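J.: Okay, here's what each chain looks like letter by letter:
Number of protein chains: 2
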Amino acid sequence: MSHVVKKRKLDKSRQDSLYFDSYSDVTIHEEMIADHVRTNTYRMAILRNSECIRGKVVLDVGAGTGVLSIFCAQAGARKVYAVEACSIAEQAEKIVKQNNMEEKIQVIRGTVETVDLPEKVDVIVSEWMGYALLHESMLNSVLYARDKWLQQPGGVILPNKAELYITPICDPVVEDRLHFWYTVKDQYGVDMSCMSDFATKCIMNSDITVNSVTVEDVLSHPARFAELDLNTVTVEELRSVKGDFTCECFGSAAVNAFCVYFTVTFPCPDKPALVLSTSPFKPETHWKQAVLYLDVPVDVVQDTLVTGEVSMYPSEASARHICIHVDYTIGEQKKQSKTFSIPDWSSEAQI
Amino acid sequence: MSHVVKKRKLDKSRQDSLYFDSYSDVTIHEEMIADHVRTNTYRMAILRNSECIRGKVVLDVGAGTGVLSIFCAQAGARKVYAVEACSIAEQAEKIVKQNNMEEKIQVIRGTVETVDLPEKVDVIVSEWMGYALLHESMLNSVLYARDKWLQQPGGVILPNKAELYITPICDPVVEDRLHFWYTVKDQYGVDMSCMSDFATKCIMNSDITVNSVTVEDVLSHPARFAELDLNTVTVEELRSVKGDFTCECFGSAAVNAFCVYFTVTFPCPDKPALVLSTSPFKPETHWKQAVLYLDVPVDVVQDTLVTGEVSMYPSEASARHICIHVDYTIGEQKKQSKTFSIPDWSSEAQI
Numbered sequence: 000m001s002h003v004v005k006k007r008k009l010d011k012s013r014q015d016s017l018y019f020d021s022y023s024d025v026t027i028h029e030e031m032i033a034d035h036v037r038t039n040t041y042r043m044a045i046l047r048n049s050e051c052i053r054g055k056v057v058l059d060v061g062a063g064t065g066v067l068s069i070f071c072a073q074a075g076a077r078k079v080y081a082v083e084a085c086s087i088a089e090q091a092e093k094i095v096k097q098n099n100m101e102e103k104i105q106v107i108r109g110t111v112e113t114v115d116l117p118e119k120v121d122v123i124v125s126e127w128m129g130y131a132l133l134h135e136s137m138l139n140s141v142l143y144a145r146d147k148w149l150q151q152p153g154g155v156i157l158p159n160k161a162e163l164y165i166t167p168i169c170d171p172v173v174e175d176r177l178h179f180w181y182t183v184k185d186q187y188g189v190d191m192s193c194m195s196d197f198a199t200k201c202i203m204n205s206d207i208t209v210n211s212v213t214v215e216d217v218l219s220h221p222a223r224f225a226e227l228d229l230n231t232v233t234v235e236e237l238r239s240v241k242g243d244f245t246c247e248c249f250g251s252a253a254v255n256a257f258c259v260y261f262t263v264t265f266p267c268p269d270k271p272a273l274v275l276s277t278s279p280f281k282p283e284t285h286w287k288q289a290v291l292y293l294d295v296p297v298d299v300v301q302d303t304l305v306t307g308e309v310s311m312y313p314s315e316a317s318a319r320h321i322c323i324h325v326d327y328t329i330g331e332q333k334k335q336s337k338t339f340s341i342p343d344w345s346s347e348a349q350i
Numbered sequence: 000m001s002h003v004v005k006k007r008k009l010d011k012s013r014q015d016s017l018y019f020d021s022y023s024d025v026t027i028h029e030e031m032i033a034d035h036v037r038t039n040t041y042r043m044a045i046l047r048n049s050e051c052i053r054g055k056v057v058l059d060v061g062a063g064t065g066v067l068s069i070f071c072a073q074a075g076a077r078k079v080y081a082v083e084a085c086s087i088a089e090q091a092e093k094i095v096k097q098n099n100m101e102e103k104i105q106v107i108r109g110t111v112e113t114v115d116l117p118e119k120v121d122v123i124v125s126e127w128m129g130y131a132l133l134h135e136s137m138l139n140s141v142l143y144a145r146d147k148w149l150q151q152p153g154g155v156i157l158p159n160k161a162e163l164y165i166t167p168i169c170d171p172v173v174e175d176r177l178h179f180w181y182t183v184k185d186q187y188g189v190d191m192s193c194m195s196d197f198a199t200k201c202i203m204n205s206d207i208t209v210n211s212v213t214v215e216d217v218l219s220h221p222a223r224f225a226e227l228d229l230n231t232v233t234v235e236e237l238r239s240v241k242g243d244f245t246c247e248c249f250g251s252a253a254v255n256a257f258c259v260y261f262t263v264t265f266p267c268p269d270k271p272a273l274v275l276s277t278s279p280f281k282p283e284t285h286w287k288q289a290v291l292y293l294d295v296p297v298d299v300v301q302d303t304l305v306t307g308e309v310s311m312y313p314s315e316a317s318a319r320h321i322c323i324h325v326d327y328t329i330g331e332q333k334k335q336s337k338t339f340s341i342p343d344w345s346s347e348a349q350i
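Going down the list, the sequences are from chains A and B.
First residue of the first sequence? That's 0 in numbering that gives the first Met the number 0, and the numbers climb one at a time after it.
First residue of the second sequence? That's 0 in numbering that gives the first Met the number 0, and the numbers climb one at a time after it.
Chain A on its own, in the form it takes in the complex (with noise of 0.2 Å):
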């Protein structure tokens, strides 16, 4: 059944008590474990980072069930802090007992935020990324524990970059479902064509939409707009995140969204760097995509440009939550603008 869903404010002690709730169900740790892109890469980048973990401190921040930990101590870590603030820390600490590494694998209860450790760290490694990168990720607190935590100079931060793409698709399931009021006619002598027009009001939204691209669904080669040095990014600039972006489309289609997805980089000594990619070009991840839908689809032919200024920042509803504005032009047109949020469904439902 469909949900239509109304903003509600929430202070923001009850925004974290239910964000951290939400990560107390099996489910979510199942997605992100069976998720082989992301826990093999992370899985590859810690063992081939082992010359700066052998031997030294690590810090997990939001460790989950600890898989991160155990990958660390496997690499030889000589102690990791692993920082969880919801209840899977119990789970977590099961785990490690299970795996025998209650020695090297500290489970800390409580966010990075107040915990104290007992000395500096010489790695952080951290999987904090959220939907379109920032949509309630942990990425404040990543460099909130860099600054308190993280020995310099020296330490190492695992993935060290991140890299946001935008690019214009076609969804045909949008294709499909405006077109699905004509066909209605046919199937049972009813015309309901006139419905088309509250259909397009009501998918064409503006909602953030976590959504699988395809590859045949992208319409130019993705723009990167925006890139942050885990090193050096401040709260402050996560505050709004923009770029520019061109694209140039491939041939003749009808825009109907923009999909915005992100990779990560984990550097490797010696070694090419890492890249856990999100990208409708690279195998699926939990994080998909995220899909802003155009008011209306717009057509373009071969080397039509569309370009434009992205911007994300956090919602005033919740910080956790972001918010996307897109400025863009495609081909003559004249310029657009569009605000897209991710709909309250997803802080609702961790009510």
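Hints may contain errors.
Which copy? The list can't say, so a pair holds if one copy fits it or any two copies do.
Dumping the calculated DSBU-like pairs for lysine-lysine here, alpha-carbon to alpha-carbon at most 35 Å [stated by the list, open to error]: (1) K287 <-> K200; (2) K93 <-> K334; (3) K333 <-> K287.
For the record, the hints were derived by calculation from the structure and aren't laboratory data.
Quantities reported herein were computed from a predicted structural model and do not represent experimental measurements.
With the hints as your guide, set chain B onto chain A.
T.: Structure of chain B alone, referenced to chain A:
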């Protein structure tokens, strides 16, 4: 991502406004119209009842897009009152005009409890069924309309009978999800088998899950535990719909859930009645089936008896939401009890 949901109470009027809001999006109407079993069965039932519809007055309770009202007009109704409380009524208006039926069909925006009709009606048609028949169903409104507006004697209600069924099943998805944690060691070299207890608690919870149950999952002939005669049933009686069941298992399996589903029946003068079935043995509908997970799987063999009593009643938090309480005995096991409800995301999401 997964969503752990806490309960929240809403006052009645708030509940109603949320309830009606949720039907103002296109998706649910698309889903209902595209449900061929639903829409074709109603269409056939209405056309086969043209003898009692031709020249008569019809009330469509919760008309939505008005498709059933148009079927009734096509069947020869003199007048159809299409009563709809949501803003989708505006779309129904347009659709009625587009099909040139303004003369015959009057769309009335409001709840059937509050609208005033110019005359009594000969026929009430309504698609009022919710998940597990009664979750967020409009049946109370249909009964209100019956008692206030339906000609007696001789008034016709389409459908005029509803039946509820239950059967033990083995949901293979749950089996796989619980097994997943034993596979992590082979995949990533980390033993996470101790997560399976936590996973069992999270997955086999007391939510009513709306799922497609396949024939292969069903472990016995379904047992009918309740029947509602819409000509006589009262709102009072709906406050507790209950009945016994006895199921004989087909063969060796692990019962991990009960499946509850419903049928509704349309009388057809001089013809066999038409049945709209949501049985797992019949083509899928958008209602799918209601799945109720046991706390732990129970092994059964051929002819193992699964007996008990099912009781369905409105939840305290919201009269529109149902609870399903099941007392059951599997083979030699001692009697067990579990109470299920639809997770609040379904209502939260309507906020």
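J.: Go through the copies and call it for K333 and K287: within, between, both or neither, with a Cα cutoff of 35 Å.
T.: Within one copy, since 31 Å is at most 35 Å while 46 Å is not.
J.: One pair to classify: K287 and K200, alpha carbons no more than 35 Å apart. Within, between, both, or neither?
T.: both (24 Å within a copy, 28 Å between copies)
J.: Within a copy, between copies, both or neither: where do K93 and K334 come within 35 Å Cα-Cα?
T.: between (55 Å within a copy, 33 Å between copies)
Against the hints set out earlier in the document, no violation occurs for any number.
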